[in-house]
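From just these sequences and the hints, can you work out the full model?
2 protein chains.
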Amino acid sequence: MSGMQELLPTMQAEFNRLKTGIGEAFQKHGFLQIETPTIERNEILLAKAGGDTEKQIYKVVKTAELANDADQALRFDHTVPLARYTVEHMNDLCFPFKVTQIGRNFRGERAQRGRFREFYQCDVDVVGRNSLPVAYDAEVIATLAEAIRTLPLPSFVIRISNRKLLSGMLEELNLEQHADEIFGIVDHAEKVPPAKTVAALEELNIGSENVVKITTFMGLNGDYREVLRQLREFGFQNATFQTGIAELEEVFMTLEKLDTEVEARADMLIVRGLDYYTGTVFETIAPDYREIGSICSGGRYENLARHYTDQKLPGVGGSIGLTRLFYILQNYGLVEASDLKPIDVCLVPFSETEYSSVAKLADRLRADGKSVDIVLSDKKLGDKMKYAAKTAKYVAVLGEDEIKSGEYKLRDLESGEETVQEL
Amino acid sequence: MSGMQELLPTMQAEFNRLKTGIGEAFQKHGFLQIETPTIERNEILLAKAGGDTEKQIYKVVKTAELANDADQALRFDHTVPLARYTVEHMNDLCFPFKVTQIGRNFRGERAQRGRFREFYQCDVDVVGRNSLPVAYDAEVIATLAEAIRTLPLPSFVIRISNRKLLSGMLEELNLEQHADEIFGIVDHAEKVPPAKTVAALEELNIGSENVVKITTFMGLNGDYREVLRQLREFGFQNATFQTGIAELEEVFMTLEKLDTEVEARADMLIVRGLDYYTGTVFETIAPDYREIGSICSGGRYENLARHYTDQKLPGVGGSIGLTRLFYILQNYGLVEASDLKPIDVCLVPFSETEYSSVAKLADRLRADGKSVDIVLSDKKLGDKMKYAAKTAKYVAVLGEDEIKSGEYKLRDLESGEETVQEL
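Note that the protein sequences, when read in sequence, are chains V and C. Residue 179 in my numbering sits at position 179 of the first sequence; the count goes up by one each step and never skips. Residue 190 in my numbering sits at position 190 of the second sequence; the count goes up by one each step and never skips.
Careful, some of the hints might be misleading.
Said to hold, decoys possible - DMTMM-like, lysine to aspartate or glutamate: derived pairs with alpha carbons at most 25 Å apart:
(1) Lys393/V <-> Asp383/V
(2) Lys19/V <-> Asp92/C
(3) Lys341/C <-> Glu203/V
(4) Lys370/V <-> Glu35/C
(5) Lys341/C <-> Asp310/C
These are computed hints drawn from the structure, not numbers from a lab. Nothing here was measured: the structure is a model prediction, and the numbers come from that model.
Below, the structure is given as structure tokens:
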């Protein structure tokens, strides 16, 4: 169906391998797995959604009901259910609450290649009660980096900024009334020619000096020490900007300690659009495969559940959009089903007489962790061998002779090599 | 939300452990994992659904649309999407297609304790092209038995029958026009007093002799050889009944060869109601916990995708309803969160100075497969230790002294025992 990803078994095995790898990386970093329902009450979902997202929400109604009466819908991300979950179970959770959700989310996007209406997201979040050290922003980034390393991507770079920098700058320039538009323009800048960005800024009638300052700001990227030096050169003294500088520095310094391998750079183009982030923001690109877009993004939100509670719950989180990423990895040939055989050993009993002995052998191989298929089909031996060649890495035919001798031949279906094994 | 299961992280870890165990058992038996979309077209879903199921289907509509216009809905089981999948990808699949789906299904059931509107089902199916040996009925049962053995249940029994037996009996007695009612009565017999079952049969005006024959039939259960002997005593010679006997015998004989440990018995009460099964049918009970009901059930269907293709695709499958089962296991105290600590080691750096050394230690422990949480919180040491005690199995505090000496104390949070480890 259009807008849905459906994979053949060999590809599905590869998808699952990547998903498991990501989940293991999260767990090794001490994130606790939870699952929230796919269906949530509208009042919960709509509290946060807006704009396109609201239009894309799938309402769910029982057959006899009308959509206008629907008070339930499918979740469009993991953050909204997490907010509801954290408030609901607050007294049973330990804070900071390090949590991961890996599951399907739903958006009724316009059908087009590479856009999915039902898609896996792999999220990590740390939620504090009242406060949460900035060091956790670095921990979330380090954890996601560890997860991305498990994927078949040759290299990747994490681009980090802090929304307080652009906010503080606009405060300083008295342009706060244009904040939404300017955040939008910066967010879009990579998707349009530079002249268009400048034109969009000029249209706001904010003065050419301010346009230059903003475009200069947008151009800052690279080693964080150098970017911080250039940011300080602006000379903005307001608290928002200064906090932005301090937080950005702390994130990079902590990240260096927590993950010495990660390639991270400061990049002022990263603002995460109209999102609800309030501090650190990040995106991740693969330099050799720029068209993939951001593999993983996220940031800091000052108050996770402001819609449902007075309790202040600051958090930081990020998400890997696995369904879209997998689609693109396939297109680039970075995952290939041709090499994948989900079954380890295919055992072909010559006739029913051998079922018992073959089942005993299968038990032994399974106890060793092998995936073993016993072919019970009444087809000809040739057909059974064809089936084995398509599904398994190894095959063995077991008949009267093998049972008697206690030995059988295990054939490597790729090399054709045979080894004699004890039954 | 009512009708949804939502677990705290410790319980979720246990749920995931059980789900993973089931999936591994399926994979070890050579079943290939697939995932089908949660959202399917109505025409696909409604082709099979009927009765209560149809009323329980969740339609999905985008915010602006009306339910009457909805042409999509949430899947209510895995079998319908499997039928569509098999037809759609027929030329890319190997037959017999041994396939497993583990995922969430949706039914808008009346809210009540232990009934869920969104629930996990763990399915295995074998689909043949044109034909499929009865031996696969046994293979599906053996695989499910292997999966159930991974669950915290002291013992279980698989109850097996074949729908051709009751069908053949009704043919012989010229009661085919009452088949639906009689299948329904037999299916319900365990939920009502015996007198009510007899009364329901008598209401059909089928003659007291036939009522006796049917109730005698219903009472047959136990060792399959004995039940087969009693079935043969009826003396029904029609092909349907005789095929039922032959198939039931073959399922048991093959099962004995494939799984010598399984406790299986013939039981004529098993008919799987108005379901679409055509041959073998089975349910599974835990004798010590009868109230759990059937842990796992399934059967043989002669034609999986008759609604979408002329191609004959006979199959056999079964499903473990994990969400409901887990709920009941919790109620019986067969899973307890109190013993569960999802994090292996909690590392507490005394201050930021130790982050680098602690991160290096964490990397080493994670490479060994451990789940390691580094506490970055700015709270007091006492608070950090409380957090560790709630989430982790072991804790270590690392300060200047530990870094200098190259040794640290790892404390077992259950026993309180401390061991000195190299940093």
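*Just pull the numbers of the violated hints for me, sorted ascending.*
3, 5
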